[in-house]
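As you go down the protein sequences, you meet chains R and C in turn.
Note that my numbering has the first sequence beginning at -4, numbered continuously upward.
Note that my numbering has the second sequence beginning at -4, numbered continuously upward.
Everything labelled a hint here was simulated from the structure, so no lab data went into it.
It is possible that some hints are incorrect.
[Said to hold, decoys possible] Using 27 angstroms as the maximum straight-line C-alpha spacing, the simulated BS3-like pairs for lysine-lysine come out as follows:
hint, chain 1, residue 1, chain 2, residue 2
1, C, Lys102, R, Lys20
2, C, Lys133, R, Lys146
3, C, Lys139, C, Lys47
4, R, Lys133, R, Lys146
5, C, Lys49, C, Lys99
6, R, Lys55, C, Lys47
7, C, Lys69, R, Lys133
8, R, Lys49, R, Lys139
9, R, Lys20, C, Lys20
[As the list claims (entries may be wrong)] Away from chain C, derived, C-beta distances all over 12 angstroms, residues of chain R:
hint, residue
10, Asp23
11, Tyr27
12, Ile35
13, Phe52
14, Glu56
15, Asp62
16, Lys69
17, Met106
18, Ala113
19, Thr117
20, Ser129
21, Ala135
22, Cys138
23, Lys146
[Said to hold, decoys possible] Computed spacing ranges between beta-carbons, pair by pair:
hint, chain 1, residue 1, chain 2, residue 2, range
24, C, Ala135, R, Ser101, 31 to 39 angstroms
25, C, Glu95, R, Gly105, 27 to 35 angstroms
26, R, Pro77, C, Asp82, 19 to 27 angstroms
27, C, Ser129, R, Lys139, 41 to 49 angstroms
28, C, Asp98, R, Gly78, 18 to 26 angstroms
29, C, Ala135, R, Asp19, 44 to 52 angstroms
30, C, Asp109, R, Asp19, 45 to 53 angstroms
31, R, Ala113, C, Glu73, 21 to 29 angstroms
32, R, Asp125, C, Asp86, 19 to 27 angstroms
33, R, Ser83, C, Gly105, 27 to 35 angstroms
34, C, Gly78, R, Lys99, 23 to 31 angstroms
35, R, Asp125, C, Glu95, 26 to 34 angstroms
36, R, Lys55, C, Gly105, 14 to 22 angstroms
37, R, Glu73, C, Glu95, 33 to 41 angstroms
Heads up, the beta-carbon is just placed ideally off N, CA and C, and yes, glycines get one too.
Number of protein chains: 2
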Amino acid sequence: MKKLATVTLSAALALTSTTVFADDKIEDAIDYRQSVFTAIRYNFGTMGDMMKGKIDFDAKEFNRRADNVAALSKMPLEAFIPGSYKDSDDDTDALPAIGENWDKFSKGMGMFGDNAAALASTATDSSSKDDVASAFMKVAKSCKGCHDNFKD
Amino acid sequence: MKKLATVTLSAALALTSTTVFADDKIEDAIDYRQSVFTAIRYNFGTMGDMMKGKIDFDAKEFNRRADNVAALSKMPLEAFIPGSYKDSDDDTDALPAIGENWDKFSKGMGMFGDNAAALASTATDSSSKDDVASAFMKVAKSCKGCHDNFKD
């Protein structure tokens, strides 16, 4: 019996260890995607303030922030993993609908990335507000599209 | 007196409003740079696990993460603004030494960006661990350099 008990204990510890690791992985993934979205909001928010006329339009700064948003937009998708949605974790506003409609969600995130890349290509250090308005609105709409369907 | 009192009240409100805005700006800046560093750690940590042999080396994933780190490395510098250091705000580990030694700090951050860009250029979808080892270590050292001097 002693040997069996030892084996069972080892198996239990191994299971615990794996479970802890999985939890860490989920928390890290949530933390990562939320951080990336915070960084996107910081850059895109300033661009929005320029478009709305709340602050002066600065083509060079707009261009730099458009590059940042384009790079950031490609990052979060990998972090929407099973077990990281609002049904199983309260630290997130990401709805289980993401896992249930993965094709739609990942296409939406892909479109966000494509639109952000197009805005980054359009913006230059000498572009005017009119030059970037249409590309900017496309990015804003792709944010809203996913938020409406997949964010609490 | 009535007119003077009104003017003083308006001035006081205007001051309050500006103060609140400045506080928001500082909190947003701290939040932004911490988010960017979280995203850097997420990507660089996985690259480190590959380099240490904790997980299999995957050239394609390493390359993608090196691109992410290079893009992210250029973002946080703008968010180290006066009033956002540990002497005036407890939400941060960024030491006042940053403001007091701005040239050294900004050069360090610039070197981090240069080293991250060099690693991203070196890494390809078919590079080996040996191919990227030296460029990877340079990035790791530039992280440590700033943390030793400027992070609590």
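Against the structure, the hints:
1. For the proposed pair Lys102/C and Lys20/R, the alpha carbon gap of about 34 angstroms is over 27 angstroms, so the pair is violated.
2. About 39 angstroms separates the Cα atoms of Lys133/C and Lys146/R, which puts this hinted pair outside 27 angstroms; it is violated.
3. Only pairs whose Cα atoms come within 27 angstroms are accepted, and Lys139/C paired with Lys47/C is accepted, the gap being roughly 17 angstroms.
4. Distance check on the hinted pair: Lys133/R and Lys146/R sit about 19 angstroms apart at the alpha-carbon level, within 27 angstroms; holds.
5. Under the criterion of a C-alpha separation no larger than 27 angstroms, the hint pairing Lys49/C with Lys99/C is inconsistent with the structure, at around 34 angstroms.
6. A threshold of 27 angstroms between alpha carbons decides the hint, and for Lys55/R with Lys47/C the separation of about 40 angstroms lies outside it, so the pair is violated.
7. For the given pair, Lys69/C sits about 25 angstroms from Lys133/R by alpha-carbon distance, which is consistent with the 27 angstroms threshold.
8. Among the hinted pairs, Lys49/R with Lys139/R is consistent with the structure: their alpha-carbon atoms are about 21 angstroms apart, no more than 27 angstroms.
9. Taking the CA atoms of Lys20/R and Lys20/C, the gap is about 32 angstroms. The hint is violated against a cut of 27 angstroms.
10. With a cut of 12 angstroms on Cβ distances, Asp23/R falls inside the contact zone with chain C, its closest approach being about 7 angstroms.
11. The non-interface label for Tyr27/R is inconsistent with chain C: the shortest C-beta to C-beta separation is roughly 4 angstroms, within 12 angstroms.
12. Separation of Ile35/R from chain C is inadequate, the least Cβ-Cβ distance of about 9 angstroms not exceeding the 12 angstroms criterion.
13. Separation of Phe52/R from chain C is adequate, the least Cβ-Cβ distance of about 18 angstroms exceeding the 12 angstroms criterion.
14. Not every CB of chain C lies more than 12 angstroms from the CB of Glu56/R, the least distance being 10 angstroms, so the non-interface label is violated.
15. For Asp62/R, the shortest C-beta to C-beta distance to chain C comes to about 8 angstroms, within the 12 angstroms cut-off, and the non-interface label is violated.
16. Interface exclusion of Lys69/R from chain C breaks down, the closest Cβ pair being 8 angstroms apart, not more than 12 angstroms.
17. Annotated as non-interface, Met106/R keeps its C-beta farther than 12 angstroms from every C-beta of chain C; the closest such distance is 20 angstroms.
18. With a least beta-carbon separation of about 17 angstroms from chain C, Ala113/R lies farther than 12 angstroms from that chain, consistent with its non-interface assignment.
19. Residue-level check passed: Thr117/R sits 19 angstroms from the nearest beta carbon of chain C, beyond 12 angstroms.
20. For Ser129/R, the shortest C-beta to C-beta distance to chain C comes to about 25 angstroms, beyond the 12 angstroms cut-off, and the non-interface label holds.
21. Its beta-carbon lying about 19 angstroms from the closest one in chain C, Ala135/R satisfies the requirement of being farther than 12 angstroms from that chain.
22. Distance check on Cys138/R: its Cβ is at least 17 angstroms (rounded) from any Cβ of chain C, clearing the 12 angstroms threshold; non-interface status holds.
23. Every CB of chain C lies more than 12 angstroms from the CB of Lys146/R, the least distance being 17 angstroms, so the non-interface label holds.
24. Separation of Ala135/C from Ser101/R is about 32 angstroms and conforms to the stated range, judged on CB atoms against 31 to 39 angstroms.
25. Roughly 45 angstroms separates the CB atoms of Glu95/C and Gly105/R, a value that falls outside the hinted 27 to 35 angstroms.
26. Taking 19 to 27 angstroms as the suggested C-beta distance range, the pair Pro77/R and Asp82/C does not conform, at roughly 44 angstroms.
27. At about 45 angstroms, the CB distance of Ser129/C to Lys139/R agrees with the hint of 41 to 49 angstroms.
28. Distance hint check for Asp98/C and Gly78/R: the Cβ-Cβ separation is about 46 angstroms, which falls outside the suggested range of 18 to 26 angstroms.
29. Distance hint check: the CB atoms of Ala135/C and Asp19/R are about 22 angstroms apart, inconsistent with the given range 44 to 52 angstroms.
30. Checked against the hint of 45 to 53 angstroms, the pair Asp109/C and Asp19/R fails, with Cβ atoms roughly 32 angstroms apart.
31. Here the CB-CB span from Ala113/R to Glu73/C is close to 24 angstroms, well matched to the stated 21 to 29 angstroms.
32. At roughly 40 angstroms, the beta carbons of Asp125/R and Asp86/C sit outside the given window of 19 to 27 angstroms.
33. Our hint of 27 to 35 angstroms for Ser83/R and Gly105/C is violated, since their Cβ atoms are close to 42 angstroms apart.
34. Under the hint 23 to 31 angstroms, the C-beta atoms of Gly78/C and Lys99/R, about 44 angstroms apart, miss the expected range.
35. Checked against the given bound of 26 to 34 angstroms, the beta carbons of Asp125/R and Glu95/C, roughly 44 angstroms apart, lie outside it.
36. For Lys55/R paired with Gly105/C, a C-beta distance near 18 angstroms keeps the hint of 14 to 22 angstroms intact.
37. Between Glu73/R and Glu95/C, the C-beta spacing of about 39 angstroms keeps the proposed range 33 to 41 angstroms intact.
Violation of the numbered hints given earlier is confined to hints 1, 2, 5, 6, 9, 10, 11, 12, 14, 15, 16, 25, 26, 28, 29, 30, 32, 33, 34 and 35; the remaining hints are satisfied by the structure.
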